[in-house]
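So the protein sequences, as listed, match chains A and B. By our numbering, the letter at position 224 of the first sequence is numbered 247, and the numbering carries on one by one without gaps. By our numbering, the letter at position 99 of the second sequence is numbered 306, and the numbering carries on one by one without gaps.
Derived from the structure by calculation, the hints contain no laboratory data. Wrong hints could be hidden among the right ones.
Which bits of chain B does chain A cover? Going by a derived footprint, with three or more residues having C-beta under 8 Å, they are [as the list claims (entries may be wrong)]:
id, region
1, 361 to 368
2, 376 to 390
3, 393 to 403
4, 455 to 461
5, 468 to 474
Using N, Cα and C, we set each Cβ at its ideal position, and we do this for glycine too.
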Amino acid sequence: MKHPLSLSALAVVLGTGGALAQDVTLTLWTESATAPEGVFAQEFSEMDNGITIDVREIRFDDLVTDTLRAVATNTNPDLIAIDNPDHAAFASRGAFLDITDRVAASDVIDIEAVFPGPRASLTWDGQVYGIPRASNTIALYYNRDMFEAAGLDPDSPPTTWDELLDAARTLTDPDNDVYGIAFSARASEEGTFQFLPWAQMAGGGFENINADGVSDALALWKTFLDEGLASPDTLTRGQWDSTGTFNGGNAAMAISGPWELGRMATDANFNWGVTLLPVKEEGGPRASALGDFNIAVFANSENPDAAFQFLEYYWSQLDRVWPEFTRLPSVAGVELAPTGDDRIDAAAAVFTEQLGYAVNRGPHPDWPRISKEIQDAFQAVLTGQADAQEALDDAADGIDSIIN
Amino acid sequence: MRRALQSMRDGIGFDTMLVILALSYLFVFAGLPLIYNVVISFQTVDVFSLGTLLHPSAGAENYENIFDDRQAGTVLWNTIIFTLGSVAIQFTLGFALALFFHQNFTGATWIRGLFLAAWVMPGLVVGVLWNWLLSGDFGVINHVLESLGIIDQPVFWRSNPDTSLYSVMIANIWYGTPFNMILLAVGLSAIPEDLYEAAELDGANAFQRFWTITLPMMRATIGAVLALGVIFTLQQFDLFAAITQGGPAGSSTVAQYWSWELSFREFDFGRGAVISVLMIVVVLFVSLFYVRSTKAETQL
């Protein structure tokens, strides 16, 4: 009885299977067939329930674009795993199936147990339009060996912005190709994802991106770049590649999420640890980004019952999401089973705490445009083309005109 | 009736039918989308109304928005620099290589064939390759330049707003040169050998022969290559997507990339269409030039 929750829920899922028409084929679009929904869909297809799910992989960068095009031409799949800030665009326009009543009637899915952040991302106008795949957030990875070599205490990593900046300065070692810190300030959703927590810790957010302290957050990022504490390629590199330089020993700290853990455990041949994102001043508010995907059924699916049955199966497997995929379940009461790697298990506690401070991007149907305003602002400042406050004021005007 | 059938089988009717077939194909697959694009540029179209045929009119608002956009000046300037720079250097290098391989030394045709390998690679693959080559910290190009003592500090090609556009341009020149070379090589081999022999007998040196025989005889080919070069460069999208994504801070955004960004990142298809319409106008003029060049070629 390794998974008591899964087995009892499985029985429910299988029990309802008989009522459905035989041999239904569903399609599922996802960024990766090896992500939980891909693996679970495969298992679900192999079960004797008359339902087969065809999983189609679509590059993360193309997922929204391709899906929008498919919706416009009525060629969309039955199911999709979609990045949480993009969920509202589809839900608000009726592209996703309203599953409020089905969820209420379900013995498996308990939507009340979903944490507030992910729950807000899949709710529109009080109705439920999907289930969370998992949640993630970003924290600070650091190289314990480099901390020791530089005379810093690896057991007390930086907790404030000032300490972080000092540590980055101490750890930067151009002669050995080591940068103090790696992060992503790319002009894409990843950049927004990485920047918003800093804006939020400084008292801002996407609705008030020009709040008083936000320019300090930008100033910190600019200092990292201007003093050569982070690679100039931070401006064009995504999180996965940036953290790759940390794993390779070319950066002493890195800001990224739990999806890195698996690769880091095998690639990084040094001692590493994870800590909460440093706050602006001691005792200041914490914040982080809320990441990961939701799974939704399309409103025009011909087999909504079968598709919902898959959502129930997915839910029944939630306790596998951490140990097998190092993703954090978005649901209260799911224990994080040990993975057998002490470093990953230690990180689990940090990411779980950090997730408690995670703030949604949106939800707003025009999130991509809001995000673009934020990207334009930090990129203009970091490249020295605009003054921080001016750029943020511009972005705030732009966002105002989108929201109102 | 008989006469009509006769004409269908062998005569003016048959010719007309072929022309109509070709024209209707062009109209359906090129003409209609083009017209639709112009129509959309005067409408408000978002992704959820994309599937319907009729959209609310926007008047000239999309055009005004584009011209008032703070990015517009940079994009226009970038597009001009990128297009003219890429075409000029691709053409020069391509011509030099074509002349070089025209010398017919051992293995010339083989090596010339190998050059084409670059051109048959998908743009996205080329983009990813150059992305690595141009990387600031670990890029091969920086390593070579540093080893040769040309630079002491790594150049962050992609991430410095002053060089980002040029980093894509370098990749594009590498990508487009073989195409220029092949077309120009074909032109070169069409010049009768006896012209050169006669000139040599008259005492013309290599430089004079190039100016008075090669260039004038190649005029039609050169016109066509330049026109195609401009059109292909204005189409270049993959390299931008793979190397800079138009950044940092929009410093390497060109018209075609901006159009895509507006349409598929911000889902404002109306404004995206405005840029395509403006680009079509430019391409139309270039095409006229191309048609004139090839017309001269067929008359030769």
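Hint check results:
1. 361 to 368: holds (count 5)
2. 376 to 390: Three-residue rule not met by the region 376 to 390 of chain B, so violated; n is 0.
3. 393 to 403: violated (count 0)
4. 455 to 461: As far as the region 455 to 461 of chain B goes, the hint holds, because 4 residues have Cβ atoms under 8 Å from chain A.
5. 468 to 474: holds (count 4)
Figure legend: structure checked against the earlier numbered hints; hints not met, in rising order: 2 and 3.
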